[in-house]
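Asks: From first to last, the protein sequence lines are chains A and B.
In terms of UniProt numbering, the first sequence opens at residue 1 and continues consecutively.
In terms of UniProt numbering, the second sequence opens at residue 1 and continues consecutively.
Zero decoy hints are in this set.
Since the list can't tell identical chains apart, any single copy or any two copies may satisfy a pair.
In silico lysine-lysine, DSS-like type, Cα no more than 27 Å apart, as pairs: (1) K7 - K36; (2) K112 - K21; (3) K101 - K112; (4) K112 - K185; (5) K7 - K112; (6) K37 - K119; (7) K119 - K7; (8) K112 - K37; (9) K2 - K112.
These are calculated hints, taken from the structure and not from any lab test.
If you want the building blocks of each chain, they are given just below.
2 protein chains.
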Amino acid sequence: MKELQQKVKDEGVVIAGSVLKVDAFLNHQIDAQLMKKVADHFYEHFKNKGVTKILTIEASGIAPSIMAALAFNVPCLFAKKAVPSTLTEEVYTTDIHSYTKNKTSHVVISQKFLSAEDKVLIIDDFLANGEAALGLYDLVKQAGADCIGIGIVIEKSFQPGADRLKSEGLDVLSLCRIASLEGDKVTLIGEEE
Amino acid sequence: MKELQQKVKDEGVVIAGSVLKVDAFLNHQIDAQLMKKVADHFYEHFKNKGVTKILTIEASGIAPSIMAALAFNVPCLFAKKAVPSTLTEEVYTTDIHSYTKNKTSHVVISQKFLSAEDKVLIIDDFLANGEAALGLYDLVKQAGADCIGIGIVIEKSFQPGADRLKSEGLDVLSLCRIASLEGDKVTLIGEEE
Chain A
1 MKELQQKVKD EGVVIAGSVL KVDAFLNHQI DAQLMKKVAD HFYEHFKNKG VTKILTIEAS
61 GIAPSIMAAL AFNVPCLFAK KAVPSTLTEE VYTTDIHSYT KNKTSHVVIS QKFLSAEDKV
121 LIIDDFLANG EAALGLYDLV KQAGADCIGI GIVIEKSFQP GADRLKSEGL DVLSLCRIAS
181 LEGDKVTLIG EEE
Chain B
1 MKELQQKVKD EGVVIAGSVL KVDAFLNHQI DAQLMKKVAD HFYEHFKNKG VTKILTIEAS
61 GIAPSIMAAL AFNVPCLFAK KAVPSTLTEE VYTTDIHSYT KNKTSHVVIS QKFLSAEDKV
121 LIIDDFLANG EAALGLYDLV KQAGADCIGI GIVIEKSFQP GADRLKSEGL DVLSLCRIAS
181 LEGDKVTLIG EEE
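Working from the sequences, and respecting the hints, build out all of it.
Replies: In structure tokens form, the structure reads like this:
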């Protein structure tokens, strides 16, 4: 997705050689028009798969997911990183480790909102080691639902997440694929020397 | 907003006489079409105020806010409840207490994304005691920006939040106003005996 890729190059900031900060349009301030276009790309790719639900994880996954939910005309469900006091019924849970935050979250969704009849599109803002997407996939499997694919806004292709998901047989669509952040510079797939 | 009010009555669950659980369409599973209509109502009310930015707080404020950002064609900024490692520049901070969670969060936004030129519309999913909205208003004032109003999806009108905001001279638009949750039943403003 050209516009997104240009935005990542123009406004992304590389920290410590491996962390990409995109808080100008995705992780803190959010470009709503861009999120709508991101969602349209997900829709174009997955529209014939019978998607019944979008699944993501709070908080930065919500913006692209709610736009995708609008495009697919299905509900969006976001996994929570802490069990709220209002979540009193049965839950599916999994542990997701964030390398960036060096923290493992015990993630939950209510069993009410995911069933064996669902065809789930998982969406997230970033794919690096694949921990979040694999955790969400685990929740889908616990529900006996079908995961029809994974939509990712930004993939750090030099980390193993995409390969881990594909080795599970999952259809992964990443709209911006980063080959390297070496020299504190964003190099996209296809731009390598 | 009739459709929202009906949804709250049909799908909202009252817990312990004072907490309203709306995780079927707002706080866990999200109804994207409904969020778009919510945003359209905010737009209709505030469209002539020169809004330059939508401000909310993670996580449940993001869905209505990103839809509003799309309607107003401005960026959405969400305050974070923890300082991420990637947030390395100067921040505005405030403390927000959640009575439901019995927890005070040290909330931050990057100074980069809010300036004295901004006209800010604050949006949140719930208004009860007003802690979150007043905290966000505090961030707007720290930036020297102008707060043109507050858009709320569900207001618990029997709690003091709305009055606290209005006593600051703020224009508060709440799309569903709840008079009481007594008897574990949702009674809207206008429905009281």
